[in-house]
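S.K.: Sequence:
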Amino acid sequence: MLKKSNSENLLLIFTRNPELGKAKTRLAKIVGDKTALEIYKFLLDKTKEVTSKVTSDKAVYYSVKIRENDIWDANSYQKHQQVGEDLGIRMLNAFKNSFDAGYKKVMIIGSDLYDLTSENIENAFDQLNSNDVVLGPAEDGGYYLLGMNSLQENIFKNKDWGTASVRKDTLADLQDKAVFLLPTLNDVDVFEDIEHHPAFAQFLK
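Sequential numbering of the sequence shown, starting at 8, is according to the working numbering.
Bear in mind the hints are in silico, worked out from the structure with no lab data behind them.
Some hints here could point you the wrong way.
Okay, derived cross-link-like pairs now, EDC-like style, lysine to aspartate or glutamate, Cα gap no bigger than 20 Å in a straight line [to be verified]: (1) Lys36 - Glu26; (2) Lys212 - Glu45; (3) Lys111 - Asp133; (4) Lys29 - Asp93; (5) Lys164 - Asp139; (6) Lys111 - Glu160; (7) Lys53 - Glu129.
Kindly produce the complete structure, drawing on both the sequences and the hints.
M.R.: What follows is the structure, encoded as structure tokens:
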């Protein structure tokens with residue numbers, strides 16, 4: 008059960024357990040499993056560094072099982088298990104838990120975005136004062152951040168997760184809502200996403 012502090016805001020971080028052969032599988036086809044895992048751990052560390060500066064409450068949702076002694080300090084990050092048969096239902100359940108716990112603004116990010124900043128996240132929370140939903144568009148047609156101040160259940164259903172139509176379909180569901188769009192960023196899924204990015208040169212020697 009989520010434990011609410013004095014903060015009205017909650018940041019959800021969806022993460023995959025970093026295991027060899029299961030991390031960044033599309034990227035691994037080019038760089039190999041070992042390097043793909045190193046890159047994912049690098050992205051996790053970056054996500055922790057960025058989110059540690061955010062003033063909201065924070066909860067990490069693990070894909071497989073909750074880890075006690077990992078990079079996420081239990082004093083700063085609540086730890087939960089993702090539940091549901093697809094990404095949409097897993098996100099819906101996490102948002103539902105958060106609003107049920109009494110949070111007023113809830114936001115979700117993944118853990119595979121190098122270019123996200125804590126300022127992006129704080130700005131997104133601020134935008135929820137005057138908008139129903141905040142969306143961070145990803146270059147691949149999905150989104151890297153989703154925030155709302157009340158549960159918009161329909162946006163988690165009937166989507167082809169992981170495809171280029173997700174953001175378009177999500178925005179279609181929100182036609183009657185006030186939606187604020189953040190700058191477009193690129194999350195790391197395939198080799199082309201890191202090929203020319205200076206932060207990843209160390210992995211491509």
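S.K.: Indicate, hint by hint, whether the structure satisfies it.
M.R.: Comparing the hints with the structure gives:
1. Lys36 - Glu26: Holds, at about 15 Å.
2. Lys212 - Glu45: holds (13 Å)
3. Lys111 - Asp133: holds (12 Å)
4. Lys29 - Asp93: holds (17 Å)
5. Lys164 - Asp139: holds (18 Å)
6. Lys111 - Glu160: Within the cut-off at roughly 16 Å; holds.
7. Lys53 - Glu129: holds (17 Å)
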